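Trainee: Required output: the full structure, derived from the provided sequences and hints.
Here are the chains, one letter per residue:
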Amino acid sequence: MKQSKKWSRNKIAFPILSSMLVASLAACGGNEENNASGEGSEDSITIMTTAYTTEPPAEDSPALKELEEFTGKDITMNWVLDSAYADKLNITLASGNLPEIIMIPTKLPSFVSAVRDDAFWELGPYLKDYPNLSQANEITLQNSSIDGKIYGIYRARPLGRNGVIIRKDWLTNLGMENPKTIDEFYNTMKAFTEKDPDGNGKNDTYGMVISKYTGPFDVMQTWFGAPNKWGEDKDGKLQPDFMTDEYFEAQKFFKKLYDEGLINEDFAVMDPQKWGDPLLNGQAGTIVDVLDRAHRAEETMLQAKPELKEPLDVFGAVEGPNGLFNLPTSGYSGMLAIPKASVETEEELKEVLAFIDKLSEKEAQVLAYNGVEGTHYELEGDQYKPLVELTDPRANEFVDLNQFQTGIPENRFYTEELTPLIEKEEQVKVENEEIVVPNPAEALLSEVYAQKGQQLDNIINDARIKFIVGQIDEAGFKEAIELWKTSGGNDYIEEINKLYKEAQK
Amino acid sequence: MSLFKSNSSQTELAVDVPQAKPADSSMKTFLKRLKKDKWLYLLLIPGLLYFIVFKYAPMWGLIIAFQDYSPFKGVLGSEWVGFDHFKNFFQNPDFFRLLRNTFILAVLDLVFFFPAPIILALLLNELRINLYKRTVQTLIYVPHFMSWVIIASITYIFFTTSGGVANEIVAHFYGKEINFLSSPDWFRPLIMGQIIWKETGWGTVIFLAALATVDQEQYEAAIVDGAGRFRRLWHVTLPAVRSTIIVLLILRLGNFLDTGFQQIFLMTNSLNRDVADVFDTYVYFVGITQGAFSYSTAVGLFKSVVGIILVLGANKLAKKMGQEGIF
Amino acid sequence: MGMPKMHNTPGGRIFDVVNFVVLGVIGILMIIPFLYVIAGSFATEAELTSRSFFIFPETFTLEAYEYIFSTDRFIRSILVSIGVTVVGTIVCLFFTFSMAYPLSRRNLAGRNLFMNMVVFSMMFSGGMIPTYIVVKSLGLLDSYWALILPIAINPFNLIIVKTFFQNIPIELEESAKVDGCTELGIFWRIMLPLSKPVIATFALFYAVAIWNDFFSALLYISDSSKWPVQVLLQQIILLSQSTIGDTAATGAEYVTPPDQSLKLAVVVIATLPILIIYPFLQKHFAKGMLLGSVKG
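The listed protein sequences derive, respectively, from chains A, B and C.
So in numbering that gives the first Met the number 0, spot 33 of the first sequence is number 32, and the numbers just go up one at a time.
So in numbering that gives the first Met the number 0, spot 233 of the second sequence is number 232, and the numbers just go up one at a time.
So in numbering that gives the first Met the number 0, spot 209 of the third sequence is number 208, and the numbers just go up one at a time.
Hints are supplied without guarantee of correctness; some may be wrong.
Stated by the list, open to error - Calculated pairs, DSBU-like style, for lysine-lysine (alpha carbon to alpha carbon, straight line, at most 30 Å):
hint	chain 1	residue 1	chain 2	residue 2
1	B	K72	A	K87
2	A	K254	A	K201
3	B	K37	C	K176
Keep in mind that the hints were calculated from the coordinates and are not lab data.
Bear in mind the structure is a predicted one, so any value in this text is a computation, not a measurement.
Mentor: Printed below as a string of structure tokens:
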């Protein structure tokens, strides 16, 4: 009895399920064109770029609508969450269904190969015709080029973003000032570790926190005069940074910091997500990172301990034996490229470039970064007052619109009244631009590196860490360099020098 | 005696059936079967369609292992390079180190992780209090849902030499702290520990389901025969899950060279890389970050070939030993 | 049901006690990190950065959850996840069991060919781009079916279900045939009701797989209102990683990293619904159901 009842139910379930499947397959057939390129209408433009919020601005976003009005283009956004961007980009390239503007996050091999197959417009010769784009930074353009030519308009980022964040109150307690030289820096680390800078009578502080992420070492070694990845030797040939004496001097300095306990003992294994914690909870006195970490850290520290007032200060670099140097960033974060498949004629290309140029106008930048006046912000006289916090859902109406902003030649959107610390950060960023060491090989695309780069980098990085913690000595480090050379490093040096010579012609 | 009789009714099946086949195969019954089987084929259709559409239709992607594939050019436009990628891979100076590390982790996984859910399921099966049993089951099932990023973070919190809880306990008993996270000697135990912690509870689910098929009468018969706890386990419980164990073991061999990429990637650092680099992390760097589709496909193909050889070999071996195998 | 009464020797009793204690300890060891995640989701940022490990936060705050539920984004994505998981599990079970049964019949002509096909597809896969093109050409982009159909059969599960069917005594089938049942009838009326624990097990497996899958959604779904909750979780976890050093330098510096407590709260929100189904399915793992019901 029981079974026959079930049987009849199952008898129904089967056809329902299968018809459901068939129906769904058929029903979805109509959707196929929904991310097609904006071809057809002259005034429409499709943009593929990253989304960082999980709810990027939709078609009906007031900010996007105003942006459409301002640019005179019907904008279709193709948002891709950054977690899948590289994959989605490769898929898009493979499927041939390309938008008019496509954001290229880095010089991915699939992009480079497409460029070499003439899939993208070379933009260099056109830039001079546009009021904003013509003011693009030469060095950054050079950095973002492929085989010496411009195939994408970079999204500008500050070059001098690296610096040192330091506990100002600790310095005051110890009667010290921001260090100016490497020796002073060392003394500060020593005092932070040994002289109870927080005055709690306990030996519970140390100089600087470093994590598994080795960026801080890369920054600090430029203080010693080590080149940024590649430097010219006395014959004018490029050699990698770690073959220079300055580099090794820097490693010895790091080793000294480590041996004397001035940096955290577990740095080689520290979870990078926990990197900032010792600074925030008053264990470590300095951190070498991007400068904008400072005001974020200060906010968190003040939440826990409002009595701290102004706990942090920033500076760019300290002076080494050869002068004052700092490590730059590449100066850009991704670029906007224009495929020939969707933008077929030069006429159309010029229109797309005019659109990108127009995005740098103040009105467009404000829409992308501040939103719509009256809805997302208001102006009291000259002073910008946000009406919605970035965490507010209404902020999602504009937040990711800055993902197709180039910021060329400069940022023109409104900023909040700056705290002294943010102001200092900005000032240091500007000062940094004078002392940053460019990487002469930044724009060069090496085949050897594409194939073996990670392995090569690991050899040197591992040797460096092992040297600092004392697992290998100087001879061991030299051995690692030999291993690097025989693992493809020699070919790499040769190739880079060849490309370097060609680029200089 | 009845103990062995009742318990073997299950295992005899495997042996019985192949013998039944020739008896059935007279022409008449064969045709009769074929006619009846039309319903079976009907049932098979959705599944077959699935495999054809979603597994075999995309299979052309494998040929990029023999090309210099570029997504923009597509498979038709990309250049053919024959076995170049395989040559590069095998001649890579790191090849043997990668093979060694992958192989050792795979063997450790088979020896330590694979039996863990079986043992835990058997222990759970012996629990008398049902509510307690269900509670424990639910608790041990939770770690499966934690992402590796979180687990790596918690592992760091526990094992760091700067105030990690576990290391403080170690220091208390052993006198000094151990560099679990940076020492190459501790890398493999740590990886095994993490995977056992994360997946053992989840792994018991399938064995508990298999144990649910054990005939209660067999237990009763065994008790009547005076069989003790251990003998009942050995003669009644284990045979019931044996076919599941064998199937899972064979299937595991198919992924023999697969290691948890994310887990290993997160636990690797400059001091333990010598033992931590495996095929999967290598392919990640070369294939994904450098975009070498063809190369990573070639490495994947190599792993697949190893996997299929192991599966077919193990399957044959299982059949030789009188077990069913997977097909 | 429950265990039949058994003799218990002193050794057996000691074993029971030890087993009781050992399993309890294992249970606690396995749940502790999750308790930390829950505690952290209710803690302040200051506490999370200063205390390395805790199960009870000193100051209890609902801030992270208030933020999560300040918009309908999370609720919507959880509803999407639940919907896709429920429908997907049914579809997956249908595909898997209907294929496993014929493959378990030993005298089915062509069975070996089909099995080889299944096993081969476990080892070799065409990769992401070809699969994407198949999904696209079926018109499944931006459809929830793209999250279900490409993973409708896990070959691994299929083979295990097949093995379960094979273990069902052949006499049952024979007697059903004598009663005039077709193969289809045997499948629906005898085999499926008999495999309830197996169905429960694989319902769980498929539900968990579908629930945890975020990559399909990232690839196939561009409409953000259709994203399941795992996509949001993934994005938050990734954001907290991508604001580290050089990634931040080249990435989106205008993105502020999420608070740790927010990250942990999203983990809790994205995990709890799927955790809850286990105790409900557990009762189907009750002992003796399979063969017991055959004989009863």
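Trainee: Taking the hints in turn, state whether each one holds.
Mentor: Going through the hints against the structure:
no.: 1; hint: B:K72 to A:K87; result: holds (16 Å)
no.: 2; hint: A:K254 to A:K201; result: holds (25 Å)
no.: 3; hint: B:K37 to C:K176; result: holds (15 Å)
Consistency with the previously given hints is maintained throughout, with no hint failing.
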